[in-house]
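Those protein sequences? They're chains B and G, same order as listed. The numbering of the first sequence is the working numbering, which starts it at 1 and goes up by one. The numbering of the second sequence is the working numbering, which starts it at 1001 and goes up by one.
Keep in mind that a hint or two might mislead.
[Stated by the list, open to error] One side only, chain B facing chain G, incomplete, derived with CB under 8 Å: (1) Gly74; (2) Ser115; (3) Pro118; (4) Asn120; (5) Leu121; (6) Asp123; (7) Gly129; (8) Lys130; (9) Ser131; (10) Leu136; (11) Asn138; (12) Pro142; (13) Asn143; (14) Leu201; (15) Leu203.
[Stated by the list, open to error] Computed cross-link-like contacts, SDA-like style, restricted to lysine to any residue with a CA-CA straight-line distance of at most 25 Å: (16) B:Lys132 - B:Phe42; (17) G:Lys1079 - B:Gly129; (18) G:Lys1130 - B:Ala116; (19) B:Lys132 - G:Leu1105.
Source of the hints: derived by calculation from the structure; they are not laboratory data. Bear in mind that the values here come from a model prediction, so they are computed numbers and not experimental data. For each residue, glycine too, the CB sits at the ideal point set by N, CA and C.
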Amino acid sequence: MIEESFIQTMGLTFKLAGITTIILLFIGIPLAYFLAYTKNRFKPAIEAIVSMPLVLPPSVLGFYMLVFFSPRDGFGQWLDEMFDLRLVFTFEGLVVASIIFSLPFMVHPLQSGFSALPRNLVDAALTLGKSKSNILFNVLLPNIRPALLTGIVISFAHTVGEFGVVLMMGGNIAGETRVASIAIYDEVEALNYSLANQYALTLFAISFCILLFVYMVNKRFLKAQL
Amino acid sequence: MTILNIQKELRGSDGAINLDINKELDHGKLTVLFGKSGAGKSTILKIIAGLVEPDGGEIVINGNTWYSKEKNINLPPQKRAVGFVFQDYALFPNMTVRQNLIYALESKTKIHKVDEVLELMELTKLSIQKPETLSGGQRQRVALARALVREPEILLLDEPLSALDFAMRAKLQDELSRVQKLLGITTILVSHDKSEVFKLAYKVIDLQMGKIVKSGTPMELFGGENISGKFKFSGEIVDISKSDIVYVVSVLVGQNIIKIVATEDETTTLNIGDNVIISSKAFNPIIVKS
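Same shape as in the complex, but just chain G (with noise of 0.2 Å):
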């Protein structure tokens, strides 16, 4: 069981939220929280890792009670079994990419384990390269093979991959995906990447504020449900324009311009950085080999 009941004051840039969550998570499953920057949801993994404490609520991780303001219990970071990654990786320069690994064990006996975890996340080539000589991808892998080394009970995900590039994201999500199924431990990853939500996440958390506004299944809180269609496409709108006596939609889905005809009605309420649905209802998309 994993509860985590959460009451902090944030002091952000744009005055204080009040941050106060209450949720169980599913076991061995990948959560995302998902929002907007400042609505509390690095501070949330901060606060679970115990690096940073909240004013009150109670965090239980598989059954073993890390904070609880009631029973006044707060265990130091350091007892705490998590696996933390963060957005800038904080590899340790001094050390290799095996050090890394090897410093993040409890003792050294389990050495077998930083073999086993390089192996892995096929990252034995680069054991002996200090993080420096990295790229952004191969950083990434090498902290997340760090946070798993210590086999966590948790693990925190802190936009892992929001610094690189789309290729690159991409071909790490499956990597990821792969990796936290594989060995089933209960994770949390910080989104505010739609596409990145439905490939990875079992459940989703919209964050807004400091408060839950929704959650559930990707496609429930994402997937515009009062819609019936055929298929359905999530974007952004990047450009409206007059062509002769219709209106041309740009949508940026992925990686992808899909150019959509509107009426001149249709686009008084549409402006340029909505996020919008495309469908079809009534006609079948033509699908041909690319």
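Isolated chain B (complex conformation) (with noise of 0.2 Å):
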């Protein structure tokens, strides 16, 4: 028997994902595209900074998005008196740290998949009259679609497994901010073992079906290339 509440966060927890990996590929583009071709000295830098989330204790992170969206002060006052948004367990605040937290998983496969390209098919592009912008489009993104493949699939997936800075920032709020990874914990604390279970072989199977589907479909693309 499929309880209401299960389907509730499950289906909040691929909301989440959707969300953040859709506005991760629009972010994570032009950022991996830059620091693929930039010679800017600050470069290492920011790829630092990018790279930070794969380091660093969640709670850490989740501490400091708290600490800085509080709407009692700073930018979180700011952001709630301008635009009345508030950010500290609200959905919206999930999808802000999930962003952050796993935005390295989009922007590595596809800074490595620029980087892979000859840089004469930009030079080759350049001298038959076209714009930067063309060449993303037309030369560049088709020709990396296992790395945007790659960087999509680990992102959702990433997005889904997140458990330190959805606690930190979200809470467990029912049908707000309680995602499947929450929802394992607090079932178990509850002594609800079966519940518990059924969250956790289900992200089991979900994962396990994407990354299959991921290695599979990139072993074609490489097969084609060569």
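With the hints as a guide, dock the two chains, each given alone in a separate frame, to form the complex.
Following this line, the structure appears as structure tokens:
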């Protein structure tokens, strides 16, 4: 038997992952493009900041975001007064936190995809009179499809699996911020093992299927390129 | 009028060299930029195309100024009507042969141009194939076709044939020569292959360490003009061996090894790897049908 709260929680989890991934795609493509081709001397610093979520404990990130976005002072207060936007313990806050936390999972594959393309492809397109944005959409992106797919899927899967940042930023409000990973923790705390297992098994199966899909499709892509 | 006046400091693997050339090119002809790798040949092409900015000078192509330090003109690569063929071809892997050519068009109204060039380069049969399915020689022809489809004012070829085997190279040299003469397009070819120079060049520019050391017709540069021979070949010594009282020098000319008898005195000045000219003055060579 599937409970209503289970469906609500899973729905919220995928809504969060979906929105996060779409926004990350729009942030990740220009950022990765910039990092792949720039000769800017601040590039290492930008790369370090983008990669921080990989090594930082999620609770550290969650803690600072909680402080930073607190509606009681500073930036959080300004957001609250100007836009009536509250990011602490809300779904919007979870989206912002997930974007920051999953940023390297989108940027890294795209950046290595761009870097692996021969530099001459861009030069050739320039001598054919094409603008930078035309080259990005017609030459570069179509030729890094495996990297795009990897970035999208890994960002999505990583957001589904996130726990620490979500707990710190969102708390555990049913229908608003309670995602699957939090729900497992919650059900275990309540000694409700069968429901916890239901969540856990679902996440397990979905994660496996997503990764299997990526590896199978990318294998075909790579074969096609040889 | 086509003038190349280029100054640029290059930092290569073996230290800095100063690229400094000033040369007027023959309109509608093929000029070869000849020289060892690292002499700055490819950089000159990239500077003409606007992919690399020079430190100073002036680039005038068919009377249009593309770059002038003095007049503060520096057209972006998109505004320069060049056809650039890269050493590794740089075909777009996501597009078919035909799509590669269509992408090169300035406007889709000139689509008939694509079919014309495909026909000219004998690529019509390959038009729906992706670059990855083509051989090296076919990719080369597609790259040339893509460069021609925009009807450029100058064609820049960066060692386009160096990755191909001997037979394919010879065939494509003929093809390149035919197309270049047919279209009468001013062309610069980068090469370090003397046989290619003789086959294709109207004029040669010999570039060493960023400077023009000699320029003229291939015969003037590499013909060994101070010998009035009946026939002459240039080649490279691959072996010197003693045979009884004489020495036998083996010289690689094109694909053939030619053995020349030499005295001990003569061999003292020759080393393996030297470029030499073999010529005959007093005796007529014998010709037989092969």
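How the hints compare with the structure:
1. The beta carbon of Gly74 of chain B is not positioned within 8 Å of any beta carbon in chain G (closest approach about 44 Å), and the interface hint is therefore violated.
2. With its C-beta approaching chain G no nearer than about 16 Å, Ser115 of chain B sits outside the 8 Å limit, and its interface hint is violated.
3. At its closest, the beta carbon of Pro118 of chain B sits 6 Å from a beta carbon of chain G; the interface hint therefore holds under the 8 Å criterion.
4. Among the interface hints, the one on Asn120 of chain B holds; its C-beta lies about 4 Å from the nearest C-beta in chain G, closer than the 8 Å criterion.
5. Interface restraint check for Leu121 of chain B: the shortest CB-CB distance to chain G comes to about 6 Å, inside 8 Å, so the restraint holds.
6. Annotation: Asp123 of chain B was flagged as interfacial toward chain G, and the flag holds, the nearest CB pair being 5 Å apart, inside 8 Å.
7. Annotation: Gly129 of chain B was flagged as interfacial toward chain G, and the flag holds, the nearest CB pair being 5 Å apart, inside 8 Å.
8. Look at Lys130 of chain B: its Cβ gets to within about 7 Å of chain G, closer than 8 Å, so that hint holds up.
9. At a threshold of 8 Å, the smallest CB-CB gap from Ser131 of chain B to chain G is about 7 Å, leaving the interface hint in force.
10. For the restraint placing Leu136 of chain B at the interface with chain G, the shortest Cβ-Cβ distance is roughly 13 Å, beyond the 8 Å limit, so the hint is violated.
11. A cut of 8 Å between beta carbons decides the hint on Asn138 of chain B: the least distance to chain G is about 7 Å, and the hint holds.
12. For Pro142 of chain B, the interface hint holds, since its Cβ comes within 8 Å of a Cβ in chain G; the closest pair sits about 4 Å apart.
13. Evaluation of the Asn143 of chain B hint against chain G yields a held restraint, the C-beta minimum of about 5 Å falling below 8 Å.
14. Evaluation of the Leu201 of chain B hint against chain G yields a violated restraint, the C-beta minimum of about 40 Å exceeding 8 Å.
15. For the restraint placing Leu203 of chain B at the interface with chain G, the shortest Cβ-Cβ distance is roughly 35 Å, beyond the 8 Å limit, so the hint is violated.
16. A threshold of 25 Å between alpha carbons decides the hint, and for Lys132 of chain B with Phe42 of chain B the separation of about 22 Å falls inside it, so the pair holds.
17. Distance hint between Lys1079 of chain G and Gly129 of chain B is fulfilled; the C-alpha atoms sit about 6 Å from each other, no more than 25 Å.
18. Distance restraint check for Lys1130 of chain G and Ala116 of chain B: the Cα-Cα separation of roughly 19 Å lies within the 25 Å cut-off, and the hinted pair is therefore satisfied.
19. For the hint linking Lys132 of chain B to Leu1105 of chain G, the alpha-carbon distance of about 16 Å falls within 25 Å, and the restraint holds.
Consistency note: the structure conflicts with the earlier hints numbered 1, 2, 10, 14, 15.
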